[in-house]
Each structure stands twice: as C-alpha cells, then as structure tokens.
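Sequence order for the protein chains is A and B.
Going by our numbering, the first residue of the first sequence is number 1, and it counts up by one from there.
Going by our numbering, the first residue of the second sequence is number 618, and it counts up by one from there.
Accuracy of the hints is not assured; some may be wrong.
To be verified - Here are the computed distance ranges between Cβ atoms for each label pair: (1) 1005(B) x 171(A): 55 to 65 Å; (2) 176(A) x 1056(B): 32 to 42 Å; (3) 80(A) x 776(B): 46 to 56 Å.
As the list claims (entries may be wrong) - A short, non-exhaustive set of chain A residues, derived as facing chain B with CB atoms under 10 Å: (4) 62; (5) 79; (6) 82; (7) 87; (8) 101; (9) 102; (10) 135; (11) 149; (12) 151; (13) 356; (14) 359; (15) 360; (16) 362; (17) 603.
Hints are computed from structural coordinates only; laboratory data are not their basis.
Bear in mind the structure is a predicted one, so any value in this text is a computation, not a measurement.
Every residue gets a Cβ at the ideal spot worked out from N, C-alpha and C, and that includes glycine.
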Amino acid sequence: MNRIVTSAVAGASALAIVAMGVAGASGASAYSGTPPWAAGDAASKGSINFFDANGNVITGGANINTIASYLNVSSAGRASATKATLLVAAPDPANALPSTWAFSAAQSNYVWSPTPGSIPTPVSTSGNPFMALNSAGQAIADAASGVTLYSGVNASYLNVLELRVQDSGVGAVSDGGKYWRTDIEFNPASAGSAYDGLAPGAWRVIYPAVSLRSTSVATPTASPVSPQYQGTSVTFSTTVSAGSGSNPANGTVKFFDGATQIGADKTITSAGQTITSDATTTLSRTGAFTDHTITAQFIPADYTDLSGSTSSGLTFRVNKSPAATTTTSLALGAASVQQPDAVTATAVVTKDADSSTVTAGTVVFKDGSNTLGTDASAPYTLSVSSSGLSLGSHTVTAEFTPTDATDFVASTSGGASLTITAPAYAASGNNISTSIPAGTIVITTPYTGANTLTLPEMTLDANATFYSTSATFNGIQVADTRAGNLAWTLSALASNLTKSGVGSPGANETINAQNVGLTSITKTSSNVTPNTYLGGVASGGSTSGQNLTAFDNAGASYLAYNASGTTGLGGASPHAIVHANNGLGTSVFSGTLGITAPTNTLAGTYTGTVTLTVIGS
Amino acid sequence: MQIKKLAVVAGTVGALALTLLTAAPASADYAPGPDDVVGVGSDTVQYAIDFLADGDYTGSTGYNLGQRNRVINFDATPDANARLAYGAGGLNGTTTANSNCAPGTGATVGTGNQTTTHTGDRPCGLNPTIVLRAGLKPVQRPNGSGAGFKALKADVTASTHNIDFARASSAQTSNGSNTATYDSVKVGTDGLAMLSALTTNAVALSAAQLKSIYECTATTWTAVGGVSSATIVPILPQVGSGTRSSFISLIGSTDSAIVAAGCAINAEENDPEAVNGNPNAIEPMSSGRLYMYQGKLSDGSATGQGGYFTDPSCAYAVTTPTACTTTKVLTPDVTYWTTGTPSSGSLFNSSRTLYVYFRDADINSTKAFQPGSTRNWLRTLFYNPCSGTDLAGATISVGAGNCTGGGTYGPGGAPYLKNNGALLSAAGIDTTDSAIYGAFTASGP
C-alpha cells in the first residue's frame, strides 16, 4: 500500500510526499504501513492531533523543537480527568510492549481542555480533550534527549519517536497506564544531511497515517476595489474549494492584512459559499500611499479530512485622502476703533468636512493689500494698532496657508469692516536733538615753565661708588572727557640732564637719561569707573585685573653719560607709567623720581626734562 | 511518599492530651530497591517532594507514574498527617519534673536509645524506624532538617549510598568535614509566622518578644502587651527540625538558652493541632503546611478539593459516627499571625528557603536512573546543568551539542522539579521567585 502523507503546515514547510521505496541509500522504504509495534499496543486508546496557533492541523514541520501550539486527542477522555501530560517515548525493538519503553515527560499536568478564550477553533470545538503546549511541551527534541534512541539497523525504529498523552484526575490518576499516541519520524537538528526526505530538524507524522484532501482559498477580491482613499470602508471576499471530492461545507476563514487579522473569524455554512470579511476602515497609510497584502486562510472543522490552506495575496493600495478644504472666519474685537487704541483680530480655520478646528498653518492678517501681521500658531490672533492706519474705513481679511498643502487647502476669510476714528485730543509733534562731544584727554603737571622740580643735591652712597637723589613728583593729572569711556596710557620720557652754564657739556658733564626713574606711583585721586587701582606693577605687566595700573620704571644704576639703551625713562620711546582701561574722568597721581650718576660726574647743577604723553584708544 | 506503619498511631487533638500507643511489628511497607532514589529529612519540605514523586491531591500525576525505578521520599514522621509518634508516656506532663520517658523514647535525638527511663524529656517521641533499602535492618527515621542531613553525611562516611538526598528547611553546614561533598538545590520558599488557636489570649508578637517568651523571661500575656495574665505555653518544634533552628535564629536566641530556661514544650513541627483548643499555646508554623490544611495552593487560591488532612479518628470510608462523613477534613480553628501590630517592635513574619541536599559527586554519576534514560537520578529530578559529564562520561556543553532548553540544561531538558512547580504549589510552597526556584548552591554554606 502506498502511503501518502500531505502536510498542511503553518509556516514554511513544503508538501512532503512519502511513498514506498523512497529515499535512503539502501533504497528500501524507511516506513511501510503500520509500525511493527502498533498492533500489539493494548495501552493505546487513540491518536494525537497537533495544531498551530491559528488552529491549522500540523502533520509535520521544520523544527522538532517548536512542534505545535495545541494538541487534542482522537477520542473522549475519562469523565474524571482534568489534567494531561505529554510524554516522549523511544521505540525499542528489544521491548515488545510499547508501554515498557523508556519515556521522558515533555509537559506535565496541564489543564485538560482549558476554557476557550484564545483557543482557536477547531481545537476548542472538536469535542475531544485538548491541551495548550508551553515551551517545554513544544520542545520534543529536548525531551527526547532524555531517552536513549534506537540506533540499530531496523529502519522501522530508527529516528522515530512516540508522542503520548496521558490524562489524570482526582481519584483517577492513571487510566491503567493507557495513552493516546502518535508516532513521528524526525531528522535530528544536528544531522549533516537529509534523512528520508526530511531536512535536519524536520519531522512528520508517520502513524496513524494522515491523509488529508487538499484545499485552496481563492485570492480575495476587494469591495470597493483598489485603490481607495484612507478611511474608506472595504470588505474582502473569497471562496474555499477542495482539491478532490466535495468543497468544505464548514470551517473557519480568517482574513489578514499582512500578519494582522481583519475583523472576526468567518464561518463557512455551505459548500462553495462566498465568505466576506468584516468591513474595515483602518487600513493604514504612510506618505502618499501604502500597498497592503490581503490574504484569506481556511481552517477546516474536520481536520481529519481536509487540510487548511492560505490564499495568494491581493495587493490593495490605500491612498492619502485629498487635501481637505477649509474655511477661515475672521472676527474683530470692535468694528470701530479710536486712535491710538488697538483692536484684536481673531481668525478661526475649520475643516469643511467635519467642522473640526485646523491648526496646522499660518494666518496673515491684511488691510486691503497691506499686511498687518502674521500669526504662525493657533489660536490665530493679532493686535491691530490704529495708529498706523489712516482715518476712515478699512477692510480686514485673514488668509490661511496650511503647513502641508497635501493635508489642507488654503482659504481666505471674508472682509471685516474696521473704521478708524480720530483721537479725542490733537497731538503736537516736537523735534528734539542733542549731540555728544568727541572729548579729549588733557595732561596737567605742575613742573612747567618756571616751575622746575628741583631735586636735592646728589649724595654719594656709603661705598662712594655713585651719586643719587630723589624727590616726589606730584600732581600728574589726566583729565579724560572723551565719549565712550575708553582706555588711555600715560607715558614718560626723560632727556639727558646737562650741566647748566656750559655751552657744550663735555664727557662728564652729562647725566644719562636712563639713570632717571619714576617709581612707587600712587593714585592721589580719581573718579574713573570702576575706581580700581594697582600700583607697583613691573613694566609690561598685566592691566586686566583693575582699571588703573601704574608701572615702576626704575632708573638705571649710574650708567655712563654716553651709554645707550632704554632703561629707566631713557631711550627714544616713552615708557608707560599709568594705564587706564576705562579712563573717563580725572585722575591725579604722584610718584618718586630718582636719579643716579657715576662718580666721575663733575660738580654743578644739571637740568633736563621729563615729557609726559598720553595715548588714547 | 507516606509510609504508614500500622504499629504507630499518634492521635492528638489538642496539645496536651495523653495518647497511647503500642508498638507492633512492621508490616509490608515498601522498601526501596537498589535503583530507587531515597530522600529523608525535613517535615516542612516533605509534602512538596511527596507530591513531586507521586502526584498531589488535585489530580496531578508525579514522577513515579509508569516508571520502573521510583523516588521514595521518607516522611519525617510515620504519620501521613505529619504528626509525631509518641511512645508510652506520650507528652506526659507539662513540666520537666513530671515528664518521664520510657527507654527507647525521648524528644532529644540519641537519648531515645537509653535502656532506662529518663526524665525531663518532653514529649516522649517514639524514634520510629524505617528500612532504607530492601534487605537492610530498620534504622532510626530521620526527623527534621538536621537529622536528615546528618543521616546523609553518615551515609557518605559509611561509603554506602542508601540515602540520595536530604530535605532541609534551613541551610545546613557540613561542620568543617567533607566540605566539598554536599550541594543543594532550592525548592522554593515557605512562610514562617506564629500560630495560635482561634480563641486565644495571644497577641501579635515581635521577634524580641518571642525571644523573651521562649527564654521564659516573659511568662504571661500581660508582659508582651496582652490582656490576659494566663501563662503562655510556647511550643517549639523538635530537636533536629529546620523549622526549630530557623525560628530560634530568627528570634535571636539559642537552643541551649531555651532548653535551659525550660518552659518551651517540644512538639512535632508544623502541627496546628498542637495549639488547637489551647488559648495560651503558640508555635511557629509553616505557611505552606497551613495552606494544605486549608486546601489552598501557594498563591492562596483554593485547590477545589478542600483541605488535605482528614480526621484520623475516622476509620476508612465509614460514615459513623456522624462527625465522620465521607471525608472529614481537618480544619483546625487557628489564627495565623501574618498581620497585627505588636506592643513593641515589628511583627514576626518571616519566610525561609527550602532545600534539597545531595552529594556533589552525584551530579556526574554515570548510573542511568531508568532503563533507557540518558540521565542519572539527580539530573532527572533536581539539577541538570549544561555542564559536567553524561552517563558515558562525555562533556555536557553547548559546544558538544548535548544541551537543551537553549543551553540551560543538560540532556533531557529541565529537571522534573523545574517543570512541576504546580506540584510544589499544591504543598503550599511558593516557586514564584525565579532566583530561588531550582537555584543551585555548591559545597553547602
């Protein structure tokens, strides 16, 4: 007898057809008819059916470790049974009685026939006890690894597992050890090649043989046909036919949008009936359009006769709805306003189809063709000032422009009249002007003209190596009146001192200007802002920590009359003695002027100049 | 596995009733074969493993159904209601002075072997015996976590393998010797709170108050915030009980302090009958055991079958007297103190982890549990990691391709313990903490 097995597998497995003399290097069939142990198994009381999550019968699959979502058995259970256990047993030719084979529990003590909630038909309606499988219950290979599998030469026992279901209840723990059983053939997942037409990890039912008539589900038709705007109510229809014999007169049809079921299950009540889905208005759309794949799936009620099947897909396009027309309405707070008052204009944009408020856009308020103002977000309002408008009658409008022109159509309100009236009292305009002077910086020092700063007679130091003298240099005033409170730098430059009364001063009749120094500058007074001052800073030091900075420029140590250089106040360039960052105001300083001279300087009175200059920025 | 010895009947209703008993020769109770798996020890854990082995009373089957080799789980006492068996003398009085145990009986482990009458030992426990394996002579039945673990260690020391696992309701220490020999797997958790009669003078108590009660420094209810000036009757599980050691540790006391103080009465642990009818008695009680009395699963929902324990004074399947209808379920009138505010401190309401201890060497034993099985007994029942070696000595690893459960377990899938939490729940044991349920601890604490 040729045994033909067709697999209605939910998922990727293809049709598997096994006949006598198939596969295997030996050329002999692996399984022929009834397994040798089946007739002698007095413990068997029927077989097991496996179902996927949708209720389709599974008679084979690609993964022996995710075998099924549900199972039921082929006959009624005992009245007192409330629980069932799924076991995996290893056929063993050394033990003639299958009930003595080694077995391993896959899933123990699960509720027998739990209340149908999400349990699909026909699992829940077959009238025989059923079980939902958990991850352990589906993992047949894992459970099978707990028993030693036959590895001899008897092909009838090779790569075969017996799945068993035993029920139990209070006071009815075991039905004398009896079970429902189905034998499956499998190829271990670790196998390197196909076995008897099974890829590694695949399996099929071999006993009891399952022979199902094929069915096919027609590609669904849509009403109305594609394409349709989003939100349109659509139904889909199909028919189910059998490959041989009469068409199914019962069973369930499910319609899917991709992986999502559309509406509720539909029931076939007569052969060849057109089955129509629930109407849907929620087919999604992103962008300009979205294409949906609509399928219909048939799940037979009589799963021992018919296989389930799924139709090819219908492409159904959902377009974006055309831009909605809008209406803009404008209201003014008053129809007449007296200068210089203001009036509020308020615009409301609504969608014509359902009068809902539209906020996705901008409203421009106009007086005739002149733009009064814009509001980019709802509520759209503008405070219109009367002062900028001429007296008399004006027409105000509001123009709405949508953010996305494919969503909404622009619209303009009707005109609203606005009358501008003269103010209560006449105004009088006045011209005013002023100016800010550029300003200047004036340096004032007391030692000018006849008023010479006379230092005390120079004296020798204790070792008689040089002459020195010093005096206070008072009253150096800087008055800055420039606009802008800018910086200034006060600098000093000394000339050589020469002996008075001598027409051409000779070699030792000159004191080098570098020997002149100005140090220890103190701030006598100042009204600059901020009035912060730091004295005694080394020449070239930082001016950033305070407003006024005074630098020490100590004179050289009794250089010869003809020495060159820029020490002290000598050299060709003025030396900075005070810097102001913000110098607006009048500041007065004093310092110590010191002069040294070498010992070969001839006696006499020596005179020179110290020139103070200021640079502003 | 409940083994009924017809010789021993402990019928106690109420804490202090005298009971009588006669010893008679054992009849044909099942003696484990050489390939069976034998467990002993804790009273608290026994029903969980009984149900795992033989199924529960809600219609679930256990491991043993249809198997050639079986799990034999010796209960802590020879009573299916887990009550203590008393020898002649029974509970015998309420004070040290008037308690008088006959030779061969006694509450303190070891003293029951004396050949003379000894006093001060309450109750006069029978020290019942069991036959560990077919062909062996009877030996003392280990009663409690400590007794069970000691028996397992003695089995190892004797180089026999008569005991495979020991149940415990507290972590066991191997006392320095054989430190690398014993491992454990956690079965689940069980609550521990105080039990009193329904009509009682008892009040909510804190750990500190319980310490003073059990050390006999607080002897009346008024001393601990109660109204009555009656004397408190503190009941304590027997020596060797894990519940006893857990409880004493949780209230911050010591065994020697309590024994020396002398007012605590020893009784079989987890027996609500010990307080039933006595308004002054209190005892620490397993929540799981109480649920079994109340016919509840570990989540507090009803099993639908009523309470597990029936009145032992009613003969089998007779309906007379009228109190013995077809099933007379024991429903002790008790209060379980899981709520309430003590007069000082916080309420004593604890939980403890339950364990099964075994030899570390058994993880990789090469002896198949069942003919044709690819696993040894330990991997079949309690602990099957994706590591170690299989029956042929080959490495178990993901790389070797012989692990299951996505690389979690060795061959055969999860151990029976992990796939059958419902059987443990029927014994009131909570398996919802995934960090505890089935968790392995190496080498004992």
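Status of each hint after checking the structure:
1. 1005(B) x 171(A): 55 to 65 Å: violated, 41 Å
2. 176(A) x 1056(B): 32 to 42 Å: holds, 38 Å
3. 80(A) x 776(B): 46 to 56 Å: Once the Cβ atoms are compared, 48 Å apart, the range 46 to 56 Å for residue 776(B) and residue 80(A) holds.
4. 62: Interface hint status for residue 62(A): violated (18 Å vs cutoff 10 Å).
5. 79: Since the shortest Cβ distance to chain B is 12 Å, the answer is violated.
6. 82: The hint holds - residue 82(A) has a Cβ within 10 Å of chain B, the shortest such distance being about 5 Å.
7. 87: Hint on residue 87(A): holds, closest Cβ of chain B at ~8 Å, below 10 Å.
8. 101: holds, 7 Å
9. 102: holds, 3 Å
10. 135: holds, 8 Å
11. 149: This hint holds: residue 149(A) lies near chain B, its Cβ roughly 9 Å from the closest one there, short of 10 Å.
12. 151: Not OK, violated: residue 151(A) not within 10 Å of chain B, min 12 Å.
13. 356: violated, 50 Å
14. 359: violated, 50 Å
15. 360: violated, 50 Å
16. 362: At 57 Å from the nearest chain B Cβ, residue 362(A) fails the 10 Å test, so the hint is violated.
17. 603: Violated - the Cβ of residue 603(A) stays beyond 10 Å from chain B, reaching only about 106 Å at its closest.
Hint check: violations occur at hints 1, 4, 5, 12, 13, 14, 15, 16 and 17; the rest are consistent with the structure.
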